[in-house]
Amino acid sequence: MVESTAERGKRASSRVSEEGAGWVCQEIGTFDRLRPKDEGFTWLNPVTLWKSRNEILAGLFGDPSGEVREQWVAALRGRGTDPDLRIAPEAGESFDFLLVGDTGEGDASQYAVVPGMLKAGEGTAFAILASDIIYPAGSGNDYRDKFFRPYQDYDAPIYAIPGNHDWYDGLGGFMRVFCDASLKPRPDRGLRGLLWRKPETIDEPALAEARALRGRPAQQATQPGPYWVIDTPSLLIVGVDTGIKGTIDKGQTAWLRRVSLDPRPKLLVTGKPIYTGNAYKPSALEGGGTIDDIVRDPRHRYVAAIGGDVHNYQRYPVQVGDRVIQYVVSGGGGAFMHATHTIRRVDVGGVHEDDYRCYPLRGDSLSFYSQLYAKRLRMKWLCLTPDEAACIMAEQIKNTPVRPAGGAVTITRRMRWAARLLGSWPWPFRLPVDRVFQHFLSELSDWDTPPFFKQFLRLSVTPEALTIRCHAATGCLRQELEPPIEDEVRISLS
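Just add 791 to wherever you are in the sequence shown, counting from 1, and you've got the numbering used here.
Treat the hints with care, as some may be off.
[Said to hold, decoys possible] Computed list of lysine-lysine pairs in DSS-like fashion (alpha-carbon distance at most 25 Å, straight line): (1) K801 - K910; (2) K989 - K1036; (3) K989 - K1041.
These are calculated hints, taken from the structure and not from any lab test.
The whole structure should be built from the sequences, with the hints applied where relevant.
So this is what it looks like as structure tokens:
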């Protein structure tokens, strides 16, 4: 019997072997030849932090994303865009597409995803980038090396949903590239308006030169707005823009309620995930209610909701009435990895730990951060092998290690102290391994050599089912040639 590509992909994953995780990297992949040679930005530079100040200002003085978004959409409708912001791709009843989240750092961790994405993406109708297309601050002048260059060989349209970092530029770069739109927003008065970072002036000749990298007819697409619905016979793909802080303005709320009444099954793509890190974050709607209220309403027939923003993969199958909705985090497309070993035993939304999936595995996450800090802090005692870390996480989570250990492991006091300092369970003193340190200490959590623990999704649609596959990108040549499948779920559309 001939083994299928999917079966080979699962057998080659981190759930089966250390080699599948990228720990045994016999040959580095081709990604390093693709990436630009400059070092890019650093979060430790005060200039970078100043460019990203809108996140802090939005928390202090309120998030103006909704007001500005309504100005953008009004301008687009004024020039004749579709009132329902529909995209009609060249896709029939059955088709495949890619989804990649949080891509735009422009460094090795972004480019490591590209070869496997191109391999697994052969024959797909289009791709979706979900959240944070450009780090650090969404500038239209950064798109060459963080969008056009990495995806120049993907020969199909790419659509996108902005993330909070794209909003630090007032959405100016995002709208110019994806919607071919420009706007001078109405001035914001008060202290927020005085301090708020305004959109950068785009170097139009340089942008035109960058566009030529994706200049083939098959790659062309202009989307109708920062939020949209991809209209296909078997499935509606509804993309929502969550701005900086996750609140949906009244215009987008009315649109979302309207398009959700279509009788076809639906997939939600959002800038911020609804379930992540064993927590529930449903995103508020202006005027009351949440995005998840709309997703859960049985009249709307949502079968899954996929969000970026968090830089790893997670899947929560949540029982809602008499059906299961798959809530997915897919933010491992390029930015540095957010740890999974800091996620406690899963119980949110009634999801049992044994039904939850994540990538990287918790043990691999803990082992990687232990090796990273052991090297950078010159503290060898912090280092945990993948087997040791997996056994410690199994002790904490109280489950069987996903990947069988290569031999007997005796957990020592030294190992437990290392895991405690790396955040494997609540402890007031720990090294920076999670999102709270992202803007200031992420440099300590970034690296340019395998394993990268990046991921992307390939989704297959038929009239009967939606199949979601999570592919790994480790940076190793073997995984570039045949990207491992870390998770797969088939969802009925009947």
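* **Hint check against the structure, violated hint numbers in rising order** => none
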